[in-house]
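K.L.:
So you can see what is in the structure, the chains are spelled out below.
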Amino acid sequence: MAPGGDRAGQPRIATCDGAAAARHSTSETAPLALRGVTVSYGRKPAVFSVDATFPAASLSAIIGPNGAGKSTLLKAALGIIPRLSGDVRVFGQPLKEKRAHVAYVPQRASVDWDFPTTVLDVVQMGLYRQVGLLGRLNGRLRQQAMDSLERVGMVDFADRQIGQLSGGQQQRVFLARALAQDADLYLLDEPFAGVDAATERAIIDVLKDLTAGNRSVIAVHHDLSTVRDYFDHVFLINVRRIAEGPVDTVFTPATLQAAYGGRLAATQLDDLALAGAMR
Amino acid sequence: MTPLAEALLLQAGYNAALVTIGAALLGFAAGASGTFLFLRKRALVSDAVAHATLPGVGLAFILMVSLGGDGRNLIGLLAGSAATAWIGLWLMDWITRRTRLAEDTAIGAILGVFFGAGVVLLTVIQTMSAGRQAGLESFLLGSTAGMLFQDAVVIATGGTLAVAATWLMRRPMTLVAFDSEYAAALGYDVRRIDLLIMGLVMAVTVIGLKLVGLILIVALLIIPAVTARFWTERSANVIWIAGSLGALAGYVGAVLSASVPDLPTGPIIVLVSAGLFVVSLLFSPSRGVIAALLQHRSFQARVHRRQGLLALAAQHPIRETYTLRLLTSQGLVRADGVPTEAGRAAAAKVARDERRWEIAREIHQAAGLAGRYEGLTPIEDVFTADEIAEFDRRLGPPVAVGGV
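Line by line, the protein sequences give chains A and B. Each residue of the first sequence is one higher than the last, beginning at 1 in the numbering used here. Each residue of the second sequence is one higher than the last, beginning at 1 in the numbering used here.
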């Protein structure tokens, strides 16, 4: 399937023009809207009373220092870890109603890569909900998985055992698994962590294709130097919400200072501000 | 026929045949159902579950006797063991989720406390008038002496159900074992699937109590799956291979114990299973110890050969004795360190390939070939003859090594 091509027989969620959607997303229709989300390990909140609205057909970054609750926010939004309080809406509805429209790419390091499975098997995991317990992974679904591998440049690796992959290839396989779900909202946890430059380019190309096809992408991101190049929208967090909005207006030295505090050297802030001013 | 051959062909008497068939069926069920326990890395949970069956056996006996029935009714005893095993499993889950104690602590606590309670109950039963001949202590290590047709039916029925459930639920269980966060994001209830994995293990434990006993059943659940992992790279295959290995161990173990007087069945089955594991550990072609050693040796030899030939080409002395020995044994260097005719040719080839690779990297920058170069893959495996001819055109005529 061509990236962003229309899918016959599946309900479209975000059909309006991408840029317009980005401007006019409200919590009623946004791909992901959080209200008062609080997550706590023990008595210390990891994420505290966070409101967020992510725009449709955009690439959004969740950024903040280590331990700021970026991954926790993502997992809480997906119901992977329990929320202490707060409301999560996906395209205006509770997550339960919209699970089939959401794809998740966990951190690469969160699994054991010596698990006995092949690249194609992993990608087909993205289809398990579609096939159910007894359904067969027939030719059409297999092709869907192979198409996803094609999009991340991993077709030749389909029959490899996953333990033989490099870090970048592992990340591509995880992305392909999410692509196989053919979702409308993609949530990625640190997709660029520890991958080679070629993989980073391949991944960002796929993500940009997705948003060009009216899908929405939200990624936890840690490399401040690439935020402006990769993303349309940023959400800054340090346990609480610091700021959110289009990159150009929100990704500023002032908000970064607020999120990172003393951890970001003044010179780094100047560099980032300069990079912004030069475009 | 010798006793061994008789036992092997199920001709050593009704009881021995029943035990052998029962052990093979139990081995299959335990191997297959234990697959996801192993893949989820929760092997020890099953040990705690097995030990938690003992108080159930005791309580069921006391209850059945006090109701005026036969305390040794197998179905009643197994129901009791399943009940306390389930309580133990549930408590472990609760401790792990609701307190700050880690799973290993929960395993240790449940295993010790439940087993201790079970031993106390067995002691109490010994003092009861109906308890003396109960023979409940055979549930610890298993017993084949009084195996009935009914026992084999319990194993066959329960085992078939456990294997069928494992196969039916293999996708969700694979998903949870490999990537539980992704499973949760897809909307699977990870906790319930974990309980299902353990529930299957519990079912196999209960049906295996009489034959193998609660102390050794964990070996039947885990060893076949670990062994199967040496022979396949796909989780669905692990299920069937583990089942087959378990059945083989059960059959052979029961045959061995039937053909030699006074050999205990359960422990022999476990030892046979362990033997299959050791064989796999050594001889698996992809993951075995010997294969790894040979691969390492061959890789080391390739590295040394290349380094040695490059040194010859540059007319540097070869200092490492291993390199020198290797090149000598391959007939590339004479005993006094002077290269032979073949050695000079090979050195010229390695040196030339090295320069061809440099050209190749310049020409094929975009193709990501730089990453594929480690100096050990023959250049002919990566490029076609006409591509190599093009590199040679740029390199100019070959240079001989050793000035001939």
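No lab work stands behind these hints: they were computed from the structure. There's no promise every hint is true.
To be verified - Estimated spans, in silico, between C-beta atoms of each pair: (1) B:SER329 to A:ASN138: 53 to 61 Å; (2) A:ARG201 to B:VAL382: 20 to 28 Å; (3) B:THR160 to A:VAL131: 20 to 28 Å; (4) B:ALA345 to A:ASN138: 34 to 42 Å; (5) B:PHE149 to A:ALA100: 46 to 54 Å.
Unchecked claim - A short list of chain A residues far from chain B (calculated; beta carbon distances all over 10 Å): (6) PRO65; (7) VAL227; (8) TYR230.
The beta-carbon is built from N, C-alpha and C at its ideal position, and this holds for glycine as well.
K.L.:
Hint by hint, note whether the structure agrees.
P.N.:
Verification of the hints:
1. B:SER329 to A:ASN138: 53 to 61 Å: holds, 55 Å
2. A:ARG201 to B:VAL382: 20 to 28 Å: holds, 23 Å
3. B:THR160 to A:VAL131: 20 to 28 Å: holds, 25 Å
4. B:ALA345 to A:ASN138: 34 to 42 Å: violated, 56 Å
5. B:PHE149 to A:ALA100: 46 to 54 Å: holds, 50 Å
6. PRO65: holds, 22 Å
7. VAL227: Its Cβ never comes within 10 Å of chain B, the nearest being 25 Å, so this holds.
8. TYR230: At roughly 22 Å from the nearest Cβ of chain B, A:TYR230 sits farther out than 10 Å, so the non-interface label holds.
Checked against the numbered hints given earlier, the structure breaks only hint 4 and satisfies all the rest.
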